[in-house]
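With the sequences and hints as input, model every part of the structure.
Protein chains in written order, with the numbering used here: chain A, 214 to 749; chain B, 12 to 361.
There's no promise every hint is true.
Each computed SDA-like pair below joins lysine to any residue, with the alpha-carbon atoms no more than 25 Å apart [claimed, not checked]:
1) B:K286 / A:R697
2) B:K81 / A:F536
3) B:K81 / B:A53
4) A:K319 / B:P168
5) B:K169 / A:T328
6) B:K56 / A:G613
Which chain A residues face chain B? A few, computed with CB under 7 Å, are given here [what the hints assert, rightly or not]:
7) N313
8) A314
9) I416
10) P417
11) F421
12) R435
13) S518
14) S539
15) A540
16) Q542
17) N696
18) F711
19) G712
20) W714
For the record, the hints were derived by calculation from the structure and aren't laboratory data. C-beta atoms are modelled at their ideal positions from N, C-alpha and C, and glycine is treated no differently.
Below are the chains, spelled out letter by letter.
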Amino acid sequence: MTRSVGWLVLESVRDEAGALTLENYRAAVTTPAFRTPAVNSFVLATSVGLLSVLIAIPMAWAIARTDMPWRGLMRVLVFGSVVTPGLLTALAWIILAGPNAGVLNKWYRALTHSTGGVNIFTLPGVTFVAVLECYPFAFLLISGALTLVSADMEDAASILGSSTRRTLLNVTLPLVMPAVLAGFILSFLEALTLFSSPAMIGIPARIFLLTTEIRALFEFPRRVGVAAALALPLLLVTVGLLWLQARLLGRRGYATVTGKGGSRRLIHLGWGRWPMFGFCLLVLTCSAVLPYIVLFLYATARTWSEPLGVGNFTLDHFRTVLFTSSAAQRAIRNSSILALTAATAASALGALIAYIVERRLLAGGPVLRLLAMAPMVIPGIVFAVGLFAGYTRPPLALYGTLWILFIAYLTKFLPYAFMNTAAAVRAVHPELEEAARIAGAGALGAFRDVTAPLIRLGVLASWFIVFIYSLRELSASILLFTNRTTVIGVTILDNYEFGSWRVVSALGCLLLAVNLAVVAGAYRFVGVSFLGGAKE
Amino acid sequence: MTRPRKALVILIGVLAPALVWLVASAQTPGVPAWVSDPQVYAAAKKEGAVVHYCTLPQAYCEDIGRRFEKHTGIKADITRLSSGPQYSRLMQEHQAGLKVTDVFEIALVAAAVEMKAKGMLEPYLPRDAAKVDAKYRDRDRLYSEYYVNVQFIAYNPKLISAAEAPRRWKDIYDPKWKGKLTISHPKFSGITVDWLMWQAKLFGWDILQKLKANDPIIVRSSAEAIPLLVNGERPLSAQSYSDSAWEAKLKGEPLEISYPEEGVVVSHDYTGILKSAPHPNAAKVFVDYLFSLEHAQWLADHYVYVTHPAVKPPAGFKTLKDLKTLILDADEIARETKDVRERFAAIFGG
Chain A
214 MTRSVGWLVL ESVRDEAGAL TLENYRAAVT TPAFRTPAVN SFVLATSVGL LSVLIAIPMA
274 WAIARTDMPW RGLMRVLVFG SVVTPGLLTA LAWIILAGPN AGVLNKWYRA LTHSTGGVNI
334 FTLPGVTFVA VLECYPFAFL LISGALTLVS ADMEDAASIL GSSTRRTLLN VTLPLVMPAV
394 LAGFILSFLE ALTLFSSPAM IGIPARIFLL TTEIRALFEF PRRVGVAAAL ALPLLLVTVG
454 LLWLQARLLG RRGYATVTGK GGSRRLIHLG WGRWPMFGFC LLVLTCSAVL PYIVLFLYAT
514 ARTWSEPLGV GNFTLDHFRT VLFTSSAAQR AIRNSSILAL TAATAASALG ALIAYIVERR
574 LLAGGPVLRL LAMAPMVIPG IVFAVGLFAG YTRPPLALYG TLWILFIAYL TKFLPYAFMN
634 TAAAVRAVHP ELEEAARIAG AGALGAFRDV TAPLIRLGVL ASWFIVFIYS LRELSASILL
694 FTNRTTVIGV TILDNYEFGS WRVVSALGCL LLAVNLAVVA GAYRFVGVSF LGGAKE
Chain B
12 MTRPRKALVI LIGVLAPALV WLVASAQTPG VPAWVSDPQV YAAAKKEGAV VHYCTLPQAY
72 CEDIGRRFEK HTGIKADITR LSSGPQYSRL MQEHQAGLKV TDVFEIALVA AAVEMKAKGM
132 LEPYLPRDAA KVDAKYRDRD RLYSEYYVNV QFIAYNPKLI SAAEAPRRWK DIYDPKWKGK
192 LTISHPKFSG ITVDWLMWQA KLFGWDILQK LKANDPIIVR SSAEAIPLLV NGERPLSAQS
252 YSDSAWEAKL KGEPLEISYP EEGVVVSHDY TGILKSAPHP NAAKVFVDYL FSLEHAQWLA
312 DHYVYVTHPA VKPPAGFKTL KDLKTLILDA DEIARETKDV RERFAAIFGG
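Written out as structure tokens, the structure reads:
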């Protein structure tokens, strides 16, 4: 990690011969070809961050705390949205909302006999797909926090005569503010470093964003220094946001799981259940239901331009992915191995760092936090180049092995594990440990018997998140994979770029199936789902 | 252990390896006819492996590797990497001082020329490559091409009738194609550079304004335009190319090819050996194989435009000999690449 950042700083002030220079920064700032993408990227990220939080707050509240119908199904659909790689969401929406042949547009025109409709190849189109990709991050954080808010304080408000709405606005929401902020930051950063929708929808619409520009600088003509100079401000923005978050939240206490018991009750919404239900369903239909329906139909249609039906149905593309293509099989195997190992390592390491930082066990906690968080904002390719420089030469000649991918995934996804566990640790008041210490337990014993069980959910959530993201990782893999160590993300991109949308769709459906199976299994055997809901 | 049994053990110990050796050597094929130099072949067998970056579709890469290994017993590790990422990877390896890749294959002409200038390439010309036309190889023998990308016009016959379809490059600038066209961005697609150069040579640079007036969708590689075409999203692709268009057509998707009267644009896809190749001899034998008639015929049977003059095309497929071609010199493309990209970006952004 440190190596990547160090490399980034160094490259940004070096010219090709290795001499010190500020030329890269001058080029990055003065070239108009970079200014527009930079502005576009910040506008996009800010709107995506805000919209994500605006969608996630009511959804998380309704699903976690109210008696809205079909909450279980909603959780499954949220899960479906979380595991969907951005490339698949973008592809599905191109098929759905392409201006000429989009399925939705064809329906709309047939129904209204008009020529109107929507066009995905526009700035609102890119923003829309980016929000679909990013809001689940905010949702997970906020819903996790809402599940932990004890009803005590809400009850106190009710007793003092506050209405449900006032309690929500004045008590519950302020209590989950840290999660809301973290949700905004996470979706903002995610939107800033997105690659699929900018490349697949942005470029066709002639909207160029920073990530596609940075990646192009690694190709021909190669201008790594300029890429580093463009990427460094992204890093500074993250640091600034994290600092701001710490400042805003630092002085107040947000421990909600205390030694004083407390139960959580569902809030009765009355007739308000139905608008809420409609809203959640609409969002989830856009982010999971429609995309997977259209991907499945697309993967099984012999010819998309013909009407669908028995004669136009084929499982050939599933067969290709599962049995014919040895590259796809290798990719599935490698990705599975990497996802399992990276998830285990990252959740363990994330929990350790989170505990150290939150409980201030060591000096330099904030530095540790920063190091754990930084990989989040470095564009995947810059990050991979740093790894490449660090781990391909003796004594660590890992090029061409799964190890280098493992290290990449571990470093890249550590922030997610860290953020998740840190939120869980923060929510557990130290008084619980202190009580255990007073009762005679050692420091380790108190952790083992009191804190560990309480943050178990957070750690498990980290495991699932890292598992899911590793299974579909692309931006670092693309620079590090070789024929033998190819992964699912690379296979999907490769097929997309070659125009094999059918194979991409089939792979996407299989990816969803694998994810669902793993999570269903975990729910069954461990008794928790990563969405924060414990088995009832 | 008694003496007879000991003798038996020794006998088996001596005979078994001898037998294995005999069987193994009987199965080893002789030197294939397409090998340029038997001594290099012997050395290549000792190296036992070759590492190649390939720009053909993944399924072809797998097959090429299998067949090469069957012929020679040399393991071919082939990774499909499109030109941009491949160049990025090669430079990355070069700067890290890694010796991992033997043979590259790249459609970004300027990148090949630059690697040549940087002294990264090993000169080599297979015996069979000497038969291909001189315009398909570097005069200093640093790279040559066993196949090329042929760019033509493709359209969706369900939405555009054969009578209506463009017959000349000139026709794609007709305002009637507004909102129906796809083109590629030269920053992401190497072969778009010389396509644009030809358009400008034929009609002048105001083609860019005319293209813009037709409101095209910009894709990163022309292969990405194929699904947009067959789905009816964009029924006309101004620069479709060889394998991806043919693949869709053969699968029965609605796609027709129009060979423009001015000629098809032939774009280079160069293969060469790196100086840092860890298996220098196997690399040469592998390149021999890529240029062999056997391999060329296999590719032609899969509708790839090969440079080998002796292939027999499958029915309905025109080889390079049957087509009127527009082709540029690599150095000229390399010289103009930056300018072409800037001109394009000034109109379309990026």
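Tested hints:
{"no.": "1", "hint": "B:K286 / A:R697", "verdict": "holds (23 Å)"}
{"no.": "2", "hint": "B:K81 / A:F536", "verdict": "holds (22 Å)"}
{"no.": "3", "hint": "B:K81 / B:A53", "verdict": "holds (16 Å)"}
{"no.": "4", "hint": "A:K319 / B:P168", "verdict": "holds (19 Å)"}
{"no.": "5", "hint": "B:K169 / A:T328", "verdict": "holds (20 Å)"}
{"no.": "6", "hint": "B:K56 / A:G613", "verdict": "holds (22 Å)"}
{"no.": "7", "hint": "N313", "verdict": "holds (5 Å)"}
{"no.": "8", "hint": "A314", "verdict": "holds (4 Å)"}
{"no.": "9", "hint": "I416", "verdict": "holds (6 Å)"}
{"no.": "10", "hint": "P417", "verdict": "holds (4 Å)"}
{"no.": "11", "hint": "F421", "verdict": "holds (5 Å)"}
{"no.": "12", "hint": "R435", "verdict": "holds (5 Å)"}
{"no.": "13", "hint": "S518", "verdict": "holds (6 Å)"}
{"no.": "14", "hint": "S539", "verdict": "holds (6 Å)"}
{"no.": "15", "hint": "A540", "verdict": "holds (5 Å)"}
{"no.": "16", "hint": "Q542", "verdict": "violated (11 Å)"}
{"no.": "17", "hint": "N696", "verdict": "holds (4 Å)"}
{"no.": "18", "hint": "F711", "verdict": "holds (5 Å)"}
{"no.": "19", "hint": "G712", "verdict": "holds (4 Å)"}
{"no.": "20", "hint": "W714", "verdict": "holds (5 Å)"}
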